[in-house]
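Asks: Residues per chain are reported as follows:
There are 2 protein chains.
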Amino acid sequence: MLPWLSGLAADPGRVHTEGHVARAAVEGAREQVAALVGARPREVVFTSGATEAINAVAFGCADRGAQALAPVEHSAVRDAAARAGEVVALPVDGLGRVSVDDIALDGVGLVHCQWANHEVATVQPVAAVAEAARAAGTLVHVDAAAAVGHVALAFADMPVDLVSLSGHKFGGPQGTGALLVRRGLRLPPFVVGGDQERARRAGLENVAAIVGLGAAAEAVGASTADEAARARQQTDALLAAALAVDGVVAYGDTRDRVPHIVCVGVEGVEAEAVLLGLDQAGVAAHSGSACSSESLEPSPVLAAMGVDAERSLRLSVGWSTTDAEIAAFTRAFADVVARLRALRA
Amino acid sequence: MLPWLSGLAADPGRVHTEGHVARAAVEGAREQVAALVGARPREVVFTSGATEAINAVAFGCADRGAQALAPVEHSAVRDAAARAGEVVALPVDGLGRVSVDDIALDGVGLVHCQWANHEVATVQPVAAVAEAARAAGTLVHVDAAAAVGHVALAFADMPVDLVSLSGHKFGGPQGTGALLVRRGLRLPPFVVGGDQERARRAGLENVAAIVGLGAAAEAVGASTADEAARARQQTDALLAAALAVDGVVAYGDTRDRVPHIVCVGVEGVEAEAVLLGLDQAGVAAHSGSACSSESLEPSPVLAAMGVDAERSLRLSVGWSTTDAEIAAFTRAFADVVARLRALRA
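First to last, the sequence lines map onto chains A and B.
The opening residue of the first sequence carries number 1 in this note's numbering; numbering runs sequentially from there.
The opening residue of the second sequence carries number 346 in this note's numbering; numbering runs sequentially from there.
Hints in this document: simulated from the structure, not taken from any laboratory.
Ideal Cβ placement from N, Cα and C applies to all residues, glycine included.
Please note that the accuracy of each hint is not assured.
To be verified - Partial list, computed: chain A residues near chain B (C-beta under 7 angstroms):
1) T17
2) Q174
3) N206
To be verified - So the derived label-pair ranges between C-beta atoms look like this:
4) G439(B) to L185(A): 39 to 47 angstroms
5) A497(B) to G137(A): 51 to 59 angstroms
6) L588(B) to S223(A): 55 to 63 angstroms
7) A127(A) to A618(B): 39 to 47 angstroms
What the hints assert, rightly or not - Covered by chain B, per the in silico footprint, the following chain A stretches (three or more residues, Cβ under 8 angstroms):
8) 38-51
9) 65-78
10) 194-204
Make the full structure from the sequences, and use the hints.
Replies: Written out as C-alpha cells, the structure reads:
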C-alpha cells in the first residue's frame, strides 16, 4: 500500500500515465479479491466496507418487496433492511441457526442470510435458505463478513445473487470491503454521482486501500486451510480454558462454526467487568453486544437465541494471533472471573 | 498513518486498551479537521469521501422538499439531489457563477451551493445564496471539496448548515472526507447499521485514513496562505503560458477563483489529444468533462456556461507541484497544440 499513499497516488479514471498505473493496480486487486471468493472480477464492486456494501444491497432492492432476515443478522443488515421497507423475520434455533423448514417468503423480494454469525460463529444453512428463496423467486444476499478469508467460499457455485465482505476481517485495511453482484443483475447504486466501479459505486477509488485488500485476499487465499486449522486450534483452546471455569457456558454451535470465533456466557458477572479484567492482562476481547459500541443494550443475536446477553463474551483470533496470546487468556480468565465473583459475594 | 495500518489497527468502539488508543487517535483527527474549517469537533462526521458526504446530505434532506442547485455543481451533488426528489435549477452566468438576483426558492427545502467550481475555479457567492436561502427558510449545503485547504473557511461564521469536504483534495489520503453538520441539526444517517460517529455514519472507522486526514488538515491549516500564494503564482503561470498560444481562451473567473485551478479552451483540437500529448511530456492534466472518467460527454459545467466542453482542459496544482513541473507544461503546451493543429490541417 505504501507507494499508493505517497508518490503513486492518482485518479484511476484519468487518461494520463499516472491514472493508467492506478487503474492497473485497482484492476489487479479486483482479480485478487475475485480469486479469493471464486467470482469473476467484473462481479466485484469495491466499497468503503461491508456496512456500505450491505446498505447498497438493502437500498438497491428496496423496490423488490419485503426483505426477509433472521434477527441474528448483523445490525448493518437489520438496520439497512428496516429502512428499505417491510421486514419479514426468519426463525432461528437456540444455536442461532436459521430454521429452514419454517421460513415463509410470501411477498419477499430479497432474503438476507449471513454465511456465519459474527457473534456466536454458527454457520448458517445458506444453500438451503437460497434454495427456498429461489423457489419463491426472490433474490438472496449473503453477508459473508464473518466468513471470507476464514473458510473457502466460491461465489460461482453459490446459488446466491449478492455477497458482501469486509477487508479488515481478514487482514486487509480498515475502510475497505466489496460487494459481489451476480453477472446480469442490475442493482441501482447506493452512492451516486460518478461512474466509478462501472457506475455501481460513485466516488474516487481508494487506491491504497484497494491494493491492500487485494494483497490480503491473495495472501489469505493461499493459506485459508492452514489459517483455519490454526484458528480452530486456538479457539478450541480458548473455549476449553473458558469452559473449565464453573458457570461458564458456550453459545452458538461450537462444532459447525467459523474457526476464528467462539462465544461464552459467564454466570454471575457482567461482561464489561470481564473485558476490563482481561484488558489488564493484555487480552482484548469483545462483549456479545452491539457491534459499534460496548453498549449495555442486549445483543439481538443472543436475545433471539434466548440467551442472557449481558453475560456473554466473544473471543476471536486473527491472522496475527499467537499461541502466547492464547496462553495469556488461559492464565488470566479464571482469575478475572474469580475476582469479580468474590467482589460480588 | 503507518502505525495504524499495522500494529495499532483496532476498533475505536471497544473498551479494551487498543480500542481506547484508536478512539483517541480518531478524536484527535476530528479536532484537527475541525480546526482547519473553523467548526466544533462534534460537528465533524467522517465519511469515505466527499461523494458519500454529499449523498448523505441529499438523502438526509429528501423529506424537506425540493433541492435547488446550479447545473455547475459537481456530478455528486447533481446525481444525489436528482435521486432525492424534485430539483430546482439555479441560474449561472457565463463565468459559471450563480446569479443570486434571479434565484427563486418556492417549495425548496435545501439549497446546494459549492464554495468554488471544481472545473473552472470560479468562487461562488455562498454568503448571498445562503442569505436568500435563510430568508426562504431552507437549509444550505456547501460542497467545499474544491476549496478546503486552498482558501480559509470558517464554518462557525458561515450561515450554512452542512459542508462536505474531500481529504485527497488537500493532501490527505484517498477514501476520506467529512461532512460538517451544524450543531442541533438532525440529519438521518445515509449509511446505517451501527452507532459510529454518534450514530451519524455506520461502519468501522477507517482509523489510518482518518489520522491521515487529520494530519493533512493540520499541515495545510498552518500554511494555507503560503500554499495559496504559491498555487496562485503557479496557476497564473500556467494560464499565461496557455493564453500565449493562439486560439486559447480562459474559462471561468480567472480573478475571483480558487488558487489551484485554471481552465482553458483550445480552439481546433480535441481535449483528449492535448491530454495525451501533455502526458508524453510528463504533464498530467484533466479534460473539462465528467469527474469519473475522461468521457466524451460534454461537461455540464461548461455547457451551463455556454462553452464548448470538448475543447477544454483543467489545469490544477497541488501541495507537491514544483515550479519545474510548471515549466514542463510551459515548454510542452505550445508544441502539443501546434502539432495537433498541423495534423488536422
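Asks: Give a verdict on every hint.
Replies: Cross-check of the supplied hints:
1. T17: Holds - the Cβ of T17(A) comes within 7 angstroms of chain B, reaching about 6 angstroms at its closest.
2. Q174: 5 angstroms, holds
3. N206: Holds, because the Cβ-Cβ distance from N206(A) to chain B comes to roughly 3 angstroms (cut-off 7 angstroms).
4. G439(B) to L185(A): 39 to 47 angstroms: Holds: the Cβ-Cβ distance is about 44 angstroms, inside 39 to 47 angstroms.
5. A497(B) to G137(A): 51 to 59 angstroms: For G137(A) against A497(B), whose Cβ atoms are near 58 angstroms apart, the range 51 to 59 angstroms holds.
6. L588(B) to S223(A): 55 to 63 angstroms: 59 angstroms, holds
7. A127(A) to A618(B): 39 to 47 angstroms: This hint is violated: roughly 54 angstroms between Cβ atoms.
8. 38-51: holds (count 4)
9. 65-78: With 5 residues closer than 8 angstroms to chain B, the region 65-78 of chain A meets the three-residue bar; holds.
10. 194-204: Check passed, 6 qualifying residues.
In this structure, only the earlier hint numbered 7 is contradicted, and the remaining ones agree with it.
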